[in-house]
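Student: Each chain, letter by letter, is given below.
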Amino acid sequence: MRSNKAMEIGTGLFVLLGFAALFFLVTQITSREVGFGERSYRIGAAFEQVGGLKPGAPVSMSGVTVGRVESIGYDFDAYQAEVVLRIESRYDRIPDDSDAAIYTAGLLGGQYVGIGPGGSETFLQDGDRIEFTQSAIVLENLISKFLFSKAEEAGTEEME
Amino acid sequence: MSTGPVGLVREVGGYALFFGRLVVEVPRALLRPGLVIQQVYNAGALSLVIIMLSGLFVGMVLGLQGFDLLQRFGSEESLGTAAALGLVKELGPVVTALLFAGRAGTALASEIGLMRATDQLAAMEMMAVDPVRRVVVPRFLGGVISMPLLAAIFSMIGIFGAQLVGVQMMGVDPGQFWSQMRGAVEQADVMEGVIKSVVFGLSCSAIAVYEGFHAAPTAEGVGRATTRTVVLSSVMVLLLDYMLTAVML
Numbered sequence: 139m140r141s142n143k144a145m146e147i148g149t150g151l152f153v154l155l156g157f158a159a160l161f162f163l164v165t166q167i168t169s170r171e172v173g174f175g176e177r178s179y180r181i182g183a184a185f186e187q188v189g190g191l192k193p194g195a196p197v198s199m200s201g202v203t204v205g206r207v208e209s210i211g212y213d214f215d216a217y218q219a220e221v222v223l224r225i226e227s228r229y230d231r232i233p234d235d236s237d238a239a240i241y242t243a244g245l246l247g248g249q250y251v252g253i254g255p256g257g258s259e260t261f262l263q264d265g266d267r268i269e270f271t272q273s274a275i276v277l278e279n280l281i282s283k284f285l286f287s288k289a290e291e292a293g294t295e296e297m298e
Numbered sequence: 013m014s015t016g017p018v019g020l021v022r023e024v025g026g027y028a029l030f031f032g033r034l035v036v037e038v039p040r041a042l043l044r045p046g047l048v049i050q051q052v053y054n055a056g057a058l059s060l061v062i063i064m065l066s067g068l069f070v071g072m073v074l075g076l077q078g079f080d081l082l083q084r085f086g087s088e089e090s091l092g093t094a095a096a097l098g099l100v101k102e103l104g105p106v107v108t109a110l111l112f113a114g115r116a117g118t119a120l121a122s123e124i125g126l127m128r129a130t131d132q133l134a135a136m137e138m139m140a141v142d143p144v145r146r147v148v149v150p151r152f153l154g155g156v157i158s159m160p161l162l163a164a165i166f167s168m169i170g171i172f173g174a175q176l177v178g179v180q181m182m183g184v185d186p187g188q189f190w191s192q193m194r195g196a197v198e199q200a201d202v203m204e205g206v207i208k209s210v211v212f213g214l215s216c217s218a219i220a221v222y223e224g225f226h227a228a229p230t231a232e233g234v235g236r237a238t239t240r241t242v243v244l245s246s247v248m249v250l251l252l253d254y255m256l257t258a259v260m261l
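From first to last, the protein sequence lines stand for chains A and B. Just so we're aligned: 184 in the working numbering is position 46 of the first sequence, and the numbers increase by one with no gaps anywhere. Just so we're aligned: 50 in the working numbering is position 38 of the second sequence, and the numbers increase by one with no gaps anywhere.
If you are wondering where the hints come from, they were derived from the structure by calculation, not from laboratory data. Glycine included, each C-beta is placed from N, C-alpha and C at the ideal position. Some hints could be false.
[Said to hold, decoys possible] Derived CB-CB ranges, DEER-like:
(1) 189(A) / 25(B): 24 to 34 angstroms
(2) 22(B) / 214(A): 53 to 63 angstroms
(3) 295(A) / 198(B): 51 to 61 angstroms
(4) 194(A) / 259(B): 47 to 57 angstroms
(5) 202(A) / 198(B): 11 to 21 angstroms
(6) 86(B) / 194(A): 23 to 33 angstroms
(7) 185(B) / 284(A): 30 to 40 angstroms
(8) 202(A) / 20(B): 39 to 49 angstroms
(9) 198(B) / 237(A): 27 to 37 angstroms
(10) 188(B) / 259(A): 39 to 49 angstroms
Please take these sequences and the hints and turn them into a complete structure.
Tutor: Have a look at this one:
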C-alpha cells in the first residue's frame, strides 16, 4: 500500500481545492441577490403589458438595483398584469407617487423595472401599490404602427 | 448471461437491487472513514491532473469559440457570461463525468473485477467479511464524494482558461468580463451544476462497481467489464444530462 501520510496529504489537498473551487463558483461568479434572509418589503404594480419581464428581474432607480421582481400574475378584475416587486429595506424612501416602467437593457438585453421617484413627502411601505405605470414596449406593435403610418402617408399622397 | 429483452430486464433489475444494497450499506461504511478516504484519494486526488488540464483547455477553446461567435453580434463583453454558464451548468459536470468514467471508473471496475477473478472476494466471504461492505461501498462512496469536487475544480479552471484567452489574448475588457458574468450568473445556476455532478457521481460510481463486481472471473471478463463501464457510464451521463437539464431549466 502507498505510504499513508502521502495519501492523506493528497486527499486533503484535493478536498480543500474542491471546496475552494465550489466557494469560488458560489461567491465570485454570481451576483448577490436579495435573499430571503435580507430584509425587504413588497410593493405591487399593475401593468397593461409586461412583455418579456421575468421574476428575478432587477428593479432599479437611476440604474441602481434596489430590488427584484418577485412574481408576475394576471389580475382578472382589472384585466392587467399584476407585478410584485421586492425592494430591499435600506431603500425605504421611495415617494408614494413614484412611477414604474418596464425597460429593456440594451437592444437585446433582458427587461427590468425602472422606478422614477415622485415628489411626495410620504413613502411607499410594505403592501403599497405604485399607481403610475408604463407598459413594456412590444417591438412588433411599434413596427406595425410605423408601417401603418407610412402606408397612410403614401395613401394621402396618392389622393392628392 | 442471457441476451434479448429478458436479459435486459434482468440486467436492470440487477442494477436496481445492487444500488439498493449499496445505499443500505452506506451508513455502516461511514463508520470506517479510513477506507472511504483512501478511495477519495484513488478516485479524486489521482484524477486531479487530467481534470485540471482538460478544464484549462476546454475553457480556453470556449474563450476562443465564444469570442469568435459573440464578436459577430458585437457583444464580446458577454464572453464571461457565456463561458461561465456553459462551464458551470453543462461542460463542467458532463466532461468531468466522462473523464471520470475513463480515468477512475475503469480503474474501479478492473480492480474489483480482478479481485473477483483471483478469488479475493470469495476469500473474504470465507472469512465472514462482506465484500460489498469492505470493498465495494467505500469505492462507490469515494467516487460519489469526488465527482462534485472535481466538477467544481474543472469549472473554476475553465473560467480562468476562458479569461486567459478572452482577456489576455483577444483583448476583452477584464472589468466587463467579470462584471457581466457576475450580473448574469445566479447561484441557482451553480446549484444546477452541483446537482448534476452529484447525480453523475452516483451513476458512474454505481456502474463501475457493479460491472467490476459482476465481471466474469476471467481476463476477458475483466476486460469486458472495463469496456462496459466506459460505454454505459458515458451513455448514462449524456442521457441523464438531457433529462436533468429539461427538468431544471
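Student: Next step is simple, just say for each hint if it's right about the structure.
Tutor: A quick look at each hint next to the structure:
no. : hint                                : result
1   : 189(A) / 25(B): 24 to 34 angstroms  : violated (52 angstroms)
2   : 22(B) / 214(A): 53 to 63 angstroms  : holds (55 angstroms)
3   : 295(A) / 198(B): 51 to 61 angstroms : holds (53 angstroms)
4   : 194(A) / 259(B): 47 to 57 angstroms : violated (19 angstroms)
5   : 202(A) / 198(B): 11 to 21 angstroms : holds (19 angstroms)
6   : 86(B) / 194(A): 23 to 33 angstroms  : holds (26 angstroms)
7   : 185(B) / 284(A): 30 to 40 angstroms : holds (35 angstroms)
8   : 202(A) / 20(B): 39 to 49 angstroms  : violated (60 angstroms)
9   : 198(B) / 237(A): 27 to 37 angstroms : holds (28 angstroms)
10  : 188(B) / 259(A): 39 to 49 angstroms : holds (40 angstroms)
Of the numbered hints listed earlier, those contradicted by the structure are 1, 4, 8.
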